[in-house]
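Same order as they appear, the protein sequences are chains X and R.
Residues 9 to 249 in our numbering are what the first sequence lists, from first letter to last.
Residues 9 to 249 in our numbering are what the second sequence lists, from first letter to last.
If you are wondering where the hints come from, they were derived from the structure by calculation, not from laboratory data.
There's no promise every hint is true.
Where chains are identical, the list cannot tell them apart; a pair therefore holds if satisfied intra-copy or between any two copies.
The calculated DSBU-like cross-link candidates involving lysine-lysine, where the alpha carbons are at most 35 Å apart (straight line), are [what the hints assert, rightly or not]:
| no. | residue 1 | residue 2 |
| --- | --- | --- |
| 1 | Lys166 | Lys215 |
| 2 | Lys45 | Lys15 |
| 3 | Lys237 | Lys15 |
| 4 | Lys40 | Lys127 |
| 5 | Lys15 | Lys40 |
| 6 | Lys130 | Lys45 |
There are 2 protein chains.
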Amino acid sequence: MQKPKNKPKAFIFDVFGTLVDWRTGVATVAQKAFKEKSITYDPFKFAELWRDEYKPAMERIRSGKRGYISLDILHRENLERVLEKTGLSNHFTSTERDTLNHAWEQLPPWSDVPDNLSKLRKHGFIAPCSNGSIALMMRLARFANLPWDAILGAEIAKNYKPELQVYKAACQALGLSPEDVMMVAAHNDDLFAAREAGLQTGFFPRKTEHGPNQTIDLEAESDWEFCGKDMHSLLTFLEQY
Amino acid sequence: MQKPKNKPKAFIFDVFGTLVDWRTGVATVAQKAFKEKSITYDPFKFAELWRDEYKPAMERIRSGKRGYISLDILHRENLERVLEKTGLSNHFTSTERDTLNHAWEQLPPWSDVPDNLSKLRKHGFIAPCSNGSIALMMRLARFANLPWDAILGAEIAKNYKPELQVYKAACQALGLSPEDVMMVAAHNDDLFAAREAGLQTGFFPRKTEHGPNQTIDLEAESDWEFCGKDMHSLLTFLEQY
Chain X
9 MQKPKNKPKA FIFDVFGTLV DWRTGVATVA QKAFKEKSIT YDPFKFAELW RDEYKPAMER
69 IRSGKRGYIS LDILHRENLE RVLEKTGLSN HFTSTERDTL NHAWEQLPPW SDVPDNLSKL
129 RKHGFIAPCS NGSIALMMRL ARFANLPWDA ILGAEIAKNY KPELQVYKAA CQALGLSPED
189 VMMVAAHNDD LFAAREAGLQ TGFFPRKTEH GPNQTIDLEA ESDWEFCGKD MHSLLTFLEQ
249 Y
Chain R
9 MQKPKNKPKA FIFDVFGTLV DWRTGVATVA QKAFKEKSIT YDPFKFAELW RDEYKPAMER
69 IRSGKRGYIS LDILHRENLE RVLEKTGLSN HFTSTERDTL NHAWEQLPPW SDVPDNLSKL
129 RKHGFIAPCS NGSIALMMRL ARFANLPWDA ILGAEIAKNY KPELQVYKAA CQALGLSPED
189 VMMVAAHNDD LFAAREAGLQ TGFFPRKTEH GPNQTIDLEA ESDWEFCGKD MHSLLTFLEQ
249 Y
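Next up, chain X with everything else stripped away, as it sits in the complex:
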């Protein structure tokens, strides 16, 4: 791990996967809904199928085929596809689908997050740089106890990561140069883009984000300014300054 030239003045975070366990969170909400209807479908499989629709849905916006639409609406559209695919469409009314869509606001933080994120505030500003909307991130922050200074990300930029504009817009909103901002993520592709936009980068893995058989993002794929095992190691890293 190298020591960066200048200590970051702000830390912006990927959220889904890096700070919160979307797979367990969505599965928990789905399981509750399934139980009420005596549905036996595997809720973890359901969460994974829903998440699989995430990147293609954003890609239509990133490629310019569609104008910016918030992730809440994309999640709701994707839910329709997943209910079709799983043969569960006839079990849920439109209102019940709206309720199920709020699963993405009820994702548990990984155990090292709440306490260490609070402590990180003494080192600089902290904000999400997620593809989630302000409305979603704000509700998730209350649920998962994430004490943000501001909510940045896709909605500020009206585009989706890994488009460079999203990282640049976050720095501009912070009033800082990209070199004074560190993007922190458990996903190498997010960091490759952030580095291209001029930001510092920080990585720790989340080895069960996709379940017990995860094969991607198990380790750093470049010489990120910070590489460690979790949020606590990021704090330890910053204390060397």
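Keeping the supplied structure of chain X fixed, place chain R upon it in accordance with the hints.
Positioned in the frame of chain X, the structure of chain R alone reads:
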């Protein structure tokens, strides 16, 4: 005071004047800078002249004569005019002017604000709906201890209050209907616009915002959904639900 039909789910706030004392804050920073240079100019008068440039500068943007530019830049431009007007131009280098411009991030909260704003969070989401930028509001939140859920306002809408789009964009970012959001301000004109945009409105006066001889906004000028004497009375009002 009437009881609104539905309890607000979010409260968005005017900041300069309503939550923080800009006149004292700017005068304090100016006084320190003046002292270092043995300048005897009245720092409160200086703060008032600087603030006088605020509305005309935004008006050029609201009228479409100029694209959206953050308030930080407008404040910096306005500082040039005020230094000219007061004959102090030759005392400050460009770097010193940049430093002086950060005065707007160092404004003390009125005494009833920090504690009661924290308590308000149990009644709903809280966010600024100010003409200040995200960068400015974020730094001011740290200085004045304002525990926001998100930072909304001019920068989200790329326009300035009292353009209705600013209030509407805040509600949209919150994921709420305007009727579920209360705009809180010590300024009647802010609330007339918020009401026109469909929001609920809350008022309490700040009788010394403009100094001891203030003549405006000493009382409510309409039947705002909430009218009280300060932030504490807003909390008491909400506890009747």
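Consistency of the hints with the structure:
1. Taking the shortest Cα distances, Lys166 and Lys215 sit within 35 Å of each other inside one copy (30 Å), while across copies they are farther apart (40 Å).
2. Taking identical chains as interchangeable, the C-alpha atoms of Lys45 and Lys15 lie at most 35 Å apart only when they sit on different chains, with a minimum of 33 Å there against 53 Å within one chain.
3. Taking identical chains as interchangeable, the C-alpha atoms of Lys237 and Lys15 lie at most 35 Å apart only when both belong to the same chain, with a minimum of 20 Å there against 45 Å between chains.
4. Taking identical chains as interchangeable, the C-alpha atoms of Lys40 and Lys127 lie at most 35 Å apart whether they share a chain (34 Å) or sit on different chains (32 Å).
5. When the C-alpha separation of Lys15 and Lys40 is checked against a cutoff of 35 Å, the pair qualifies only between copies, where the shortest distance is 29 Å, while the shortest distance within a copy is 45 Å.
6. For the homomeric pair Lys130 and Lys45, the shortest alpha-carbon distance between copies (33 Å) is at most 35 Å, but the shortest distance inside one copy (47 Å) is not.
Consistency with the previously given hints is maintained throughout, with no hint failing.
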